[in-house]
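Peer 1: Residue numbers (my numbering), protein chains in the order written: chain A, 20 to 424; chain B, 20 to 424; chain C, 20 to 424; chain D, 20 to 424.
The set of hints was computed from the structure by calculation and includes no laboratory data.
This structure is a prediction, so every number in the text was calculated from the model and none was measured.
Each hint should be verified, as a subset may be incorrect.
Copies of the same chain look alike in the list, so a pair counts if it works inside one copy or between any two.
Below, computed lysine-lysine pairings styled on BS3-like, alpha-carbon distance capped at 30 Å [unchecked claim]:
1. LYS302 to LYS106
2. LYS311 to LYS202
3. LYS286 to LYS312
4. LYS244 to LYS202
5. LYS423 to LYS276
6. LYS320 to LYS297
7. LYS162 to LYS302
8. LYS26 to LYS52
9. LYS202 to LYS395
10. LYS312 to LYS297
11. LYS286 to LYS130
12. LYS297 to LYS161
13. LYS286 to LYS276
Chain by chain, the residues:
4 protein chains.
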Amino acid sequence: MYNREVKLSGHIIDSLTLPKALDMIMDLGGDFKILEFKVGKLKGDISHAKLLVEASNENLLGEILDELSEIGAVIVELKDVELLESKKDKTLPADFYSTTHHPTEIHYNDKWIVVEDIEMDCMIVVDQESDRAFCKPIGQIKKGDLIVVGREGIKVIPPERPRGKLGVFEFMSSEASSEKPIKSIINKIASEIKEVKDRGGKIAVVSGPAVVHTGSAPILANMIKDGFVDIIFAGNALATHDIESALYGTSLGMCVKTGEAVRRGHKHHIYAINEINKAGSIKEAVESGVLKKGIMYECIKNDVPFVLAGSIRDDGPLPDVITDVIDAQEEMRKYVQDVDMVIMISTMLHSIATGNILPSHVKSICVDINPATVTKLSDRGSAQVVGIVTDVGTFLPMLYNELKS
Amino acid sequence: MYNREVKLSGHIIDSLTLPKALDMIMDLGGDFKILEFKVGKLKGDISHAKLLVEASNENLLGEILDELSEIGAVIVELKDVELLESKKDKTLPADFYSTTHHPTEIHYNDKWIVVEDIEMDCMIVVDQESDRAFCKPIGQIKKGDLIVVGREGIKVIPPERPRGKLGVFEFMSSEASSEKPIKSIINKIASEIKEVKDRGGKIAVVSGPAVVHTGSAPILANMIKDGFVDIIFAGNALATHDIESALYGTSLGMCVKTGEAVRRGHKHHIYAINEINKAGSIKEAVESGVLKKGIMYECIKNDVPFVLAGSIRDDGPLPDVITDVIDAQEEMRKYVQDVDMVIMISTMLHSIATGNILPSHVKSICVDINPATVTKLSDRGSAQVVGIVTDVGTFLPMLYNELKS
Amino acid sequence: MYNREVKLSGHIIDSLTLPKALDMIMDLGGDFKILEFKVGKLKGDISHAKLLVEASNENLLGEILDELSEIGAVIVELKDVELLESKKDKTLPADFYSTTHHPTEIHYNDKWIVVEDIEMDCMIVVDQESDRAFCKPIGQIKKGDLIVVGREGIKVIPPERPRGKLGVFEFMSSEASSEKPIKSIINKIASEIKEVKDRGGKIAVVSGPAVVHTGSAPILANMIKDGFVDIIFAGNALATHDIESALYGTSLGMCVKTGEAVRRGHKHHIYAINEINKAGSIKEAVESGVLKKGIMYECIKNDVPFVLAGSIRDDGPLPDVITDVIDAQEEMRKYVQDVDMVIMISTMLHSIATGNILPSHVKSICVDINPATVTKLSDRGSAQVVGIVTDVGTFLPMLYNELKS
Amino acid sequence: MYNREVKLSGHIIDSLTLPKALDMIMDLGGDFKILEFKVGKLKGDISHAKLLVEASNENLLGEILDELSEIGAVIVELKDVELLESKKDKTLPADFYSTTHHPTEIHYNDKWIVVEDIEMDCMIVVDQESDRAFCKPIGQIKKGDLIVVGREGIKVIPPERPRGKLGVFEFMSSEASSEKPIKSIINKIASEIKEVKDRGGKIAVVSGPAVVHTGSAPILANMIKDGFVDIIFAGNALATHDIESALYGTSLGMCVKTGEAVRRGHKHHIYAINEINKAGSIKEAVESGVLKKGIMYECIKNDVPFVLAGSIRDDGPLPDVITDVIDAQEEMRKYVQDVDMVIMISTMLHSIATGNILPSHVKSICVDINPATVTKLSDRGSAQVVGIVTDVGTFLPMLYNELKS
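Bound-form chain A, shown alone:
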């Protein structure tokens, strides 16, 4: 029998880590002995367990340890991570380690070092000169990069569910339902936002054009002006319709005030793009006095950065749109590691894109009238996202009211 000692510690009962571990071991055909087991009795106390994991061959033992490492189990007798070189740009050695979006450390040169810029489905690249480890997507791997392979010396720290309820993120499960008391949910989100801002935290807003179509662009503009938003991730549609709305009072040709279709209104979004093209950029349009209000205007005025990522369905697009999606991803990555909270509004595309590069510790809220959007986000691995099934057109005004009260 091949065996290895592993340790689990933290809220391993409440977070179901221990039973999951035992379950995994046996599902995979291994066996275990519980060597130590100490349960924390009080809320906040942590528990410890030491297990002897056994398997009939080394390969199986490795596979079991691999699985266990993803839920935070650490091999007691430590070895350094194993590294292999990439032989060609954008390619990986066999048995490369694929990251989770949880904080991760590797044991290298006999000490634990934090993997920087962690995000899911990426690789860990070690820089031998600086003794630092970086998370890199496959598209950024260069020939010669030293890539972590196998399973030794990797420690993942998944989020835990400590006892006692703390806020909106603990109180709401990720199950999206429209049959919940929305007023109290909005109050909790508002408290959370204020709390993040009070401690100097950063909030990202990811938004689709429905914010403009439903008449809520002035609300989001106010939130930016009032300092609740630190970065905007969106696409050409949000910016174009926001500018259309600021210049002509319509969104997709429909009057934002009355909801009525405006004659020739379907040309307005092209007019809007034309005006920004004439000015040269959104910033120049604000500076020259062409653009005087709205979401994009407030971003410029309040130095709130935005990343407008191109999409295959774009009209125009605006000159500020990054039409190469990989460049746009890189631009988003510059902001995402510093963010404390993300509010995703009515956009499946940009929400999933953001979820893809977001570390698991960032509190995220996804607001959409379609429960499928939230479900899809969770299916893609962003399980930490709290889904709220509601109408963004009524949600934003009520949230802003609460923020200002």
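Knowing the structure of chain A, use the given hints to seat chains B, C and D on it.
Peer 2: Chains B, C and D in isolation, oriented as in the chain A frame:
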């Protein structure tokens, strides 16, 4: 060739009645000559057309005239309606006339008489003694009833779309979309409600339990107290969860204030039913001081009648619930002909039930977060219903704000 | 300190029973010592734990034990259940025990007796003469009934998730998603159905009218003929449109073959009701040769019973419909305890109604194109239902193909 | 009074062109006289009308004529189009003409010339040397381009609805509903596909990754092999998961055969990208024998071109993906004008992108389980798209069966 002269008048251009008529005639294999055609030039002006409808045989001519009558065409040379006796309770003679939900008159004893209590998919029964005509569902037909058959002497007056936009019902098409400026839609509905109440009109609310689950029961209670609601159509679930919420602060065991699940809370709706069963009825529970707030409480206190219709999924049910669905339909019919506006909230079952017995002139709004509810309502024939895809938990507070401003 | 020993046994690790128990105790403010803990090592082995539960007062201890009993914990030192009389029809003593839908036993006269006809949200009534215990809904409680109160002497046996995957019910979580390999899911359901029938089990089908609208009525009719269906739960709409389809080839006036609207077709469902009213009942219509095919026809021909429950939106209804919903529930209860598997198709109303009275051991599948239906079913407590988000119009033909192969 | 004669001809009664024209004139505050009116009596006959449009000022008259031109009205007394130069790349002169997606001609140098590459929301650029007119999106406008402005000399030929039903596109309205006989709809689509292929037409498939997730990739692969598909528009996700499925039998880590999650399976799509990166491209992977089946394999083997457009949420992406979305649009434009039919499957993003550049005469089908996708497509202007709400996992196998029968 068999032929017959028919007249069309009203907004037959704007409402597309004339082209539909010509289209029908030719689709069915008939032919026509336009004998007269006068187009109203100004908004509000009506147009007239006289057509000679031709067909190769009498049967076909009849079928064409039958179709034309549904869109308001009237045969110039008048005959009385034809009547046949029912031979057995709940059965109909062949070729019975099935009603629309539009105002309908029949030519009987040489004069036009209005069909009373019009609703769709029913029969017209003539009372020879009183010279009156009534709309009756098949379940109420008695042996010996005189039932209108064939197509002569029937005039249907479908709603028209006059030029110029008038209010929420003209401005919104029945296409349900969540991407519309919801604030302005709510403003228009509020104006419409106030306008109906100012002229002494009556408003029915049809509601599902989501109103309680989303925390909006106090809002609807206030609307009742403030006189905006004249009749409530609902089921056991709305009343039970409203009472649960009034007595225990929960809805389906979830705290309505915080949205958190309450330990043992899933027993609360049975507790609520138990309390009302002990009191004898909702009214007695209010009078004895057991029930002190909420939707049902305000109904009792403000003499707003309610019809609670039983459903196969009911727990309990409350003693006030009419468990026989046909009796419940009859009870709803007592109110529906006098109603000027219906607001349907988050209930497909009761909304379709109400739509089934509603004359087409009653302005109806259906509010649901699921677009399928509205689509289904339209598919079932209630095309006059304006669908609003939004979250009832945010819609009602915003509507009430607007009503009180 | 008040304390009590409780035992947990079964797959308490895999089914997460033990961590849930520890979690509950501490969430409620109690404490525990683990007196014994024996983990089953092999797939299929069961585990045992004995805990000493402690609380600062008797009330709290009671509340904790109450919670623990719902997940299957049994108090080691046994007492008999406590009984109190109902003082009025349809009313309950304070602190009544509200049932789960899991198999339940009570300790009475020093022995464990099974609670018969278990379903959720009901009461346990003890018949002292026969020493039997019955599950009764509040509406059936009579003055003088002896009702179980408190928490002593009650044992709940929740379903467990043993190690290793067994079939469609284990392999599919209740998470409904349309992005799963539907062909293999259908294969598994077909195997499950065949397996149930091979061992003489009974299958209930709960169906909405979409089966007819989508053109799948002949498929369901074949399934009945071939003996795959033992009981049908449905409403007036399914039966009416099935008969409309059999008599006139339309469903809601739309040709079932071509999908085109048929002129005057919206009268067909009234025609269908008229024909059955003339005959007297569906059975008489089959016997007299009026009805010659379809779902209802095959039910009559193959002695498959059906319960048609009335709903407030019914046209007609057919003479076979039970218009009193409480009577209809009682009729459904006659069949539900003997059923081994339930297939719910495109009906939220009847699916929830069936889920309400179904013991948790009955394997249930809910097929609907709208993920909200499945979510709602789970929210209402029927968590054992496996949801399949697909189109019933394509699902049934593919399932039947598989059943016949 | 300013006035102008306009002509309408075609199926102006059946297609409601005439009443819409009269309605428009009066809504905008103009007036009209009907100078001639000749109604086609037989199916297929066309009708003619000549109207004198009147308005109180020239501006208003222009606006009315502008509107009328969009539904096909032609000014009797012809003038040439007016042209203005663009003063800067990507910018337009005021009052530029924004195209519809209907066939369009301009009157230039005294003759009607067809606008080439017509698509909606674009501009008409005239090349004076060749006397040709091109449709160009704003992003392609160059300084100095001669752009059509105003409304004179433009003729739009909107699609007409001739009497009599012809096929799936006439029989199905654009209303998406899941309650339709799906079998007969599939039969009609299959006939339509065969008919297009029989006359040498081209079919484009636009597909999301759900085709792979639901296990239908082999079906689509077969359709390509059998010659039913001439071009594929998709994204990185479809190609990656198709290749993942071909290489490892999983899609997003879930076994495509059994639907069960595979241990470590979430790494498989990165493995797949890695393999293609190693090979250099999909084509090289096929040639070197790495990729041996699936959708992309059959595209390579059968010389069916594909356009893989990048998106902000892409992992990798594959080397074949065009990461600049504007370049990807240009690539799609190369194929779209020659296509006779488009089948859009489970992708809102790529479906809207394709709809944006598609001429209105191309028959389009959009298959999605979410009715919102179809609604959104129509709202964005692609009203000619027929929506089918069904499960792609069952739709494709049934369609292929029909195609092969």
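Peer 1: Hint by hint, say whether it matches the structure.
Peer 2: Hint-by-hint comparison with the structure:
With identical chains, the CA atoms of LYS302 and LYS106 are at most 30 Å apart between copies only, with a shortest distance of 21 Å across copies and 44 Å within one. Taking the shortest alpha-carbon separations for LYS311 and LYS202, only the inter-copy value of 22 Å comes in at or below 30 Å, while the best intra-copy value is 33 Å. Taking identical chains as interchangeable, the C-alpha atoms of LYS286 and LYS312 lie at most 30 Å apart only when both belong to the same chain, with a minimum of 20 Å there against 46 Å between chains. For a Cα distance limit of 30 Å, the shortest separation of LYS244 from LYS202 qualifies both inside one copy, at 24 Å, and across copies, at 21 Å.
Proximity of LYS423 to LYS276 under the C-alpha cut-off of 30 Å is found in both arrangements, the shortest distances being 23 Å within a copy and 20 Å between copies. Taking the shortest alpha-carbon separations for LYS320 and LYS297, only the intra-copy value of 20 Å comes in at or below 30 Å, while the best inter-copy value is 47 Å. In this homomeric assembly, LYS162 and LYS302 come within 30 Å of each other (Cα to Cα) only across copies, at 22 Å, whereas the closest approach inside a single copy is 39 Å. Taking the closest pair of Cα atoms, LYS26 and LYS52 come within 30 Å of each other both inside a single copy (12 Å) and across two copies (22 Å).
In this homomeric assembly, LYS202 and LYS395 come within 30 Å of each other (Cα to Cα) both inside a single copy, at 25 Å, and across copies, at 21 Å. In the homo-oligomer, the alpha carbons of LYS312 and LYS297 lie at most 30 Å apart inside one protomer (18 Å), although the nearest pairing across protomers, at 50 Å, exceeds that limit. Taking the shortest Cα distances, LYS286 and LYS130 sit within 30 Å of each other only across copies (27 Å), while inside one copy they are farther apart (62 Å). For a Cα distance limit of 30 Å, the shortest separation of LYS297 from LYS161 across copies, 13 Å, qualifies, whereas the shortest one inside one copy, 40 Å, does not.
With identical chains, the CA atoms of LYS286 and LYS276 are at most 30 Å apart within one copy only, with a shortest distance of 18 Å there and 43 Å across copies.
Comparing the model with each earlier hint shows no violations; every hint is respected.
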